[in-house]
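Whole structure, please, built from the sequences with the hints as guidance.
Protein chains in written order, with the numbering used here: chain Y, 1 to 414; chain H, 1 to 291.
Keep in mind that the hints were calculated from the coordinates and are not lab data.
Some hints could be false.
To be verified - Simulated restraints on C-beta separations:
#1 H:Trp157 x Y:Asp376: 40 to 50 Å
#2 H:Phe165 x Y:Leu387: 57 to 67 Å
#3 Y:Lys141 x H:Thr224: 27 to 37 Å
#4 H:Arg86 x Y:Lys74: 47 to 57 Å
#5 H:Leu96 x Y:Asp332: 14 to 24 Å
#6 Y:Pro254 x H:Ile67: 29 to 39 Å
#7 H:Ala63 x Y:Asp230: 38 to 48 Å
As the list claims (entries may be wrong) - With the Cβ distance kept under 10 Å, some of the chain Y side facing chain H (calculated, not the full set):
#8 Gly48
#9 Val214
#10 Asn239
#11 Ala272
#12 Asn274
#13 Lys305
#14 Gln381
All C-beta atoms in this analysis are idealised placements derived from N, C-alpha and C, irrespective of residue type, glycine included.
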Amino acid sequence: MIRTSRRTLLQTGAAFAGASALGFPAIVRAQTDKIRIGHLTPLTGFLGVIGSYAQLGAKLAAEEINGSGGILGKPIDLLSEDSINPATAATKAQRMLEQDGAVVLLGEISSASSLTIMQVAERNKKVFFSTGARSDALRGKNCNKYSFHCDIPNTVMVNAVGTALSQKGMVKGKKFFTLTADYIFGHDLLKAAKTFFGAHDANLIGDELIATDVTDFSPYLLKVRQAKPDVVCCNLAGNQVTNLVKQYAEFGFPYPLVGFNLNTGDAWAAGAGNLSGTWPTVWYHTLNNPTSQAFVAAFAKKYGKPPENHAWIDYVTLKLLAEAINTTKSTDSGELIAYFEKQAQFDIGKARKAYFRSWDHQLVQEAYPFTVKPKDQMKDQWDMLVLGDAVPAANDPLETIYPTREQNPCEMKA
Amino acid sequence: MQFEFLLEQVVNGLVLGGYYLLIALGLSLIFSVGGIVNLAHGAFYALGAYVCVELTKRLGFGAAVVISPFAVALLGILFERFILRRFYTADPILSLLVTFGLAMVAEQAIRMIWGAAPVSAEIPQSFRGSVIVGDFLFSRYRLLILAVVAAILLGIWLLLHKTSFGRVVRAGIQRPDMVAALGIRLQPYMTGIVMLGVGMAALGGAFFAPITTVHPAMGAEIMTVAFVVVVIGGLGSFWGVIIAALLVGVVRGIAIHFEPAAGEASIYVLMFLVLLVRPRGLLGERIEKFE
Chain Y
1 MIRTSRRTLL
11 QTGAAFAGAS
21 ALGFPAIVRA
31 QTDKIRIGHL
41 TPLTGFLGVI
51 GSYAQLGAKL
61 AAEEINGSGG
71 ILGKPIDLLS
81 EDSINPATAA
91 TKAQRMLEQD
101 GAVVLLGEIS
111 SASSLTIMQV
121 AERNKKVFFS
131 TGARSDALRG
141 KNCNKYSFHC
151 DIPNTVMVNA
161 VGTALSQKGM
171 VKGKKFFTLT
181 ADYIFGHDLL
191 KAAKTFFGAH
201 DANLIGDELI
211 ATDVTDFSPY
221 LLKVRQAKPD
231 VVCCNLAGNQ
241 VTNLVKQYAE
251 FGFPYPLVGF
261 NLNTGDAWAA
271 GAGNLSGTWP
281 TVWYHTLNNP
291 TSQAFVAAFA
301 KKYGKPPENH
311 AWIDYVTLKL
321 LAEAINTTKS
331 TDSGELIAYF
341 EKQAQFDIGK
351 ARKAYFRSWD
361 HQLVQEAYPF
371 TVKPKDQMKD
381 QWDMLVLGDA
391 VPAANDPLET
401 IYPTREQNPC
411 EMKA
Chain H
1 MQFEFLLEQV
11 VNGLVLGGYY
21 LLIALGLSLI
31 FSVGGIVNLA
41 HGAFYALGAY
51 VCVELTKRLG
61 FGAAVVISPF
71 AVALLGILFE
81 RFILRRFYTA
91 DPILSLLVTF
101 GLAMVAEQAI
111 RMIWGAAPVS
121 AEIPQSFRGS
131 VIVGDFLFSR
141 YRLLILAVVA
151 AILLGIWLLL
161 HKTSFGRVVR
171 AGIQRPDMVA
181 ALGIRLQPYM
191 TGIVMLGVGM
201 AALGGAFFAP
211 ITTVHPAMGA
221 EIMTVAFVVV
231 VIGGLGSFWG
241 VIIAALLVGV
251 VRGIAIHFEP
261 AAGEASIYVL
271 MFLVLLVRPR
281 GLLGERIEKF
291 E
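Given below as structure tokens:
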């Protein structure tokens, strides 16, 4: 009896020893040989298409950084996963920081998911770069010390398009009808749009909140017709934009369709004959800038197609992060935050350098309005857009299009 | 005025319901005859869309929308011959698992062939825009879809009620053992039914390609609605599915008219209410095979 139990005990002990012999060195090795970085982005659902571009962009950046010696002399081990939804995003972020030993997180497109990752980052005191989320609230009332925001916020997109529309006489005294994505991002965008309409004498005569899984917009289009607006404005996201643009072309309404949010991936999916109007963008692959063009060439060579704006933002974010780690010679969150808060300047492939604003951690940079190229002038299926001049204009300070300290309720706890 | 706008939503909902019908009716037919809940049905819908986009580049939309359902229906033959046939008498769980697996394989295959990014498709110029009759507005393109769906429904009804093929199929649905006792093999008929169902799903995909995002996961998207329609109508009921599809389209339109936020939830609420009153769906009472 005693012998049996002792043997069992020994066996169990041996098994444990064996497991730890196999398990521990692997973890130690991961910490010493490579620097692990967690990357989350939606690969499924209505943002899945642009998310897959974001993943390609981050992978390319990691390869290039590793090819030129890595960070602090160690290669990056990029852990890139599908965040699917806010709950999964938070769970995976938690796992990446606690179990996988990620020193920093980046990624995301969905503002709702980004918000949950921001909370995980704050709890774990690790830095998170929210690359593609645009809700103002993330860098406003929900801001925290550990989170940085790389894409332009909703207010900037509204200002970029609004300025272009104003110049065409399409704002003052006009009746707008908006179609808005029913989640934090859409609500936030609508708020920014309302502020703009209010400041520019435009009337919002109707708004529809639309669930993110809607694929047929015909009942909403009938309501648009009922309202007879001067301009229809799309505040949707991801696939929703593609579906709306296609069905808007199908119904052939006389009211011009413009939008305060669009990603080039969704524009490409809509097809050349369907898209029209004025829209905002944070970046486009035809941008005439040496850093941008080098990225476009490398991306096209590797993947056989031009990069989408989310590929670019995840690419430049990993690049500037690597630059920061190499400069500070540290992956420590506190040191990184202090470095970025000094408003260090980064070349992100635009005419002017960008920097993280110290008090709300927003990457301050240029934005662009665009219109759509006539179909017969397109060189290829990706050559759809005509970029307008960068906003703000070259002689205005970059921050003029961003929410001011009075407008942005961000207060970071020390 | 309010009444007219409401009526407009109802009519628009009927058109949309007609479109759901294309996918749901095939799903229901395959279930009625073979006893298989085909979770891969959405994959054929997606394939229909992709094949149509590919063919449009070469032959134009008109030819593509006609040819693509037939091309996908040919795949349906292989699907029936090599996969479904093994599961007619097996535990339904097995066919559920197999078709679910197949749906995932198909989605991944589409990703590998056409890439994860959506492909773009356009409506031919002649079908763009809307027709205005009195105060009512119809999308020209959806009227075309409605006409085709109506013709197909008529065709299927005639096939089931006026041909010897239809008599055997209907007998097979009611009393498969009796049909077997008469010495009739149901398998060739099943091939025909699967071709028909798969072809209709593919036609749905082809028709919707120009007005929705053509992406690898589109099959999974449409399956939810298709199942809601089949469940409301009653598994295996021809008229039940038709009524349910139209009902789902109309209820969604009305919900969006009055309370847009409830638009998507409305069809699930409808399903819930119908199942409360009639657990087997609206007209699903005569299915004895699976009780």
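Hints, one by one, checked against the model:
| no. | hint | in the structure |
| --- | --- | --- |
| 1 | H:Trp157 x Y:Asp376: 40 to 50 Å | holds (46 Å) |
| 2 | H:Phe165 x Y:Leu387: 57 to 67 Å | holds (60 Å) |
| 3 | Y:Lys141 x H:Thr224: 27 to 37 Å | holds (35 Å) |
| 4 | H:Arg86 x Y:Lys74: 47 to 57 Å | holds (53 Å) |
| 5 | H:Leu96 x Y:Asp332: 14 to 24 Å | violated (52 Å) |
| 6 | Y:Pro254 x H:Ile67: 29 to 39 Å | holds (35 Å) |
| 7 | H:Ala63 x Y:Asp230: 38 to 48 Å | holds (40 Å) |
| 8 | Gly48 | holds (7 Å) |
| 9 | Val214 | holds (6 Å) |
| 10 | Asn239 | holds (5 Å) |
| 11 | Ala272 | holds (7 Å) |
| 12 | Asn274 | holds (6 Å) |
| 13 | Lys305 | holds (8 Å) |
| 14 | Gln381 | holds (7 Å) |
Of the numbered hints given earlier, the model fails hint 5 alone.
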